[in-house]
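Enquirer: Sequence:
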Amino acid sequence: MSQRTVLNEQYKGLVERMSVPVKLHEREGRRYATCASLVPIHCCTAEQKAELSVSTHHYCDVFTEQVLAHLAELAYVRLDVDTAEKVFLNRTKRILIVSSDGKLAQWRCAPTFESANNYIAGAPIVNKDGSIVSIVTAKRGNHYAVSNAEGEGGYFDTSRPWEIIDTGDAKFVYADKTFSTREELREYINSLPPASLSSPPRPLLIRGNSPRVALVAENGRQLVHIYLSGVLADDVQYL
Numbered sequence: 001m002s003q004r005t006v007l008n009e010q011y012k013g014l015v016e017r018m019s020v021p022v023k024l025h026e027r028e029g030r031r032y033a034t035c036a037s038l039v040p041i042h043c044c045t046a047e048q049k050a051e052l053s054v055s056t057h058h059y060c061d062v063f064t065e066q067v068l069a070h071l072a073e074l075a076y077v078r079l080d081v082d083t084a085e086k087v088f089l090n091r092t093k094r095i096l097i098v099s100s101d102g103k104l105a106q107w108r109c110a111p112t113f114e115s116a117n118n119y120i121a122g123a124p125i126v127n128k129d130g131s132i133v134s135i136v137t138a139k140r141g142n143h144y145a146v147s148n149a150e151g152e153g154g155y156f157d158t159s160r161p162w163e164i165i166d167t168g169d170a171k172f173v174y175a176d177k178t179f180s181t182r183e184e185l186r187e188y189i190n191s192l193p194p195a196s197l198s199s200p201p202r203p204l205l206i207r208g209n210s211p212r213v214a215l216v217a218e219n220g221r222q223l224v225h226i227y228l229s230g231v232l233a234d235d236v237q238y239l
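Numbering-wise (the UniProt record's numbering), the sequence shown opens with residue 1 and increments by one.
FYI, nobody ran anything at the bench for these hints, they're computed from the structure. Every residue gets a Cβ at the ideal spot worked out from N, C-alpha and C, and that includes glycine.
Ranges between beta-carbon positions, derived for each pair: (1) P193 with A170: 20 to 30 Å; (2) S210 with E47: 36 to 46 Å; (3) A36 with S191: 49 to 59 Å; (4) S180 with H25: 44 to 54 Å; (5) S19 with E218: 45 to 55 Å.
In silico SDA-like pairs for lysine to any residue, Cα to Cα no more than 20 Å straight-line: (6) K171 with T181; (7) K177 with I165; (8) K171 with G208; (9) K177 with Y227; (10) K103 with C44; (11) K103 with E47; (12) K23 with S37; (13) K49 with E163; (14) K103 with V224; (15) K93 with A149; (16) K177 with S196; (17) K103 with E51.
Can you build the whole structure from these sequences, using the hints too?
Expert: Below you can see the structure in the form of structure tokens.
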């Protein structure tokens, strides 16, 4: 198997000499990489999630037993055995990513880097000293998310997977419902029973004009509602 962590054969961008060891895998037609203890959560089986979720540091869509290095202005993304692309971190163009490992539903407004290379999931991202700052997990167009402790983020303590809700141009939103008027919204909220936590609550990623995350009880009562400004939530591709 090729040792490349990109799908394209002709490397693009600022290519420099750097060696970052990885193991390459393929499952259900998808290629991905692991580096030391780092593996993308969305590439794991249910059995792997159950095992790794008890020992990981909590980074969105990243299982790891080690603390990731802090982000700087520059980073290097592995291309092959002895090459990496030098990239610049963009803290203005952020991507909203989510992950669920069966214990926590996490989200992160992740900074990005732009690249014309087509990276696979798990490609290591390191600093100039070779310390790992993250791995590639998701992108939007040519902009790749860099999941780390930096940027607005958090988690919900629930075993339920994320649900994606597209609200379009809806004026009022509550949980997974949209309403045309404030009166309709109030009437609906007043009709709901008190929140019940007899079953795990549902985490929602709500996309539209104002991206947000919410935690909703099984009976429809909204428990948590967090607006996330200045972040891109649509057309995010998990690799």
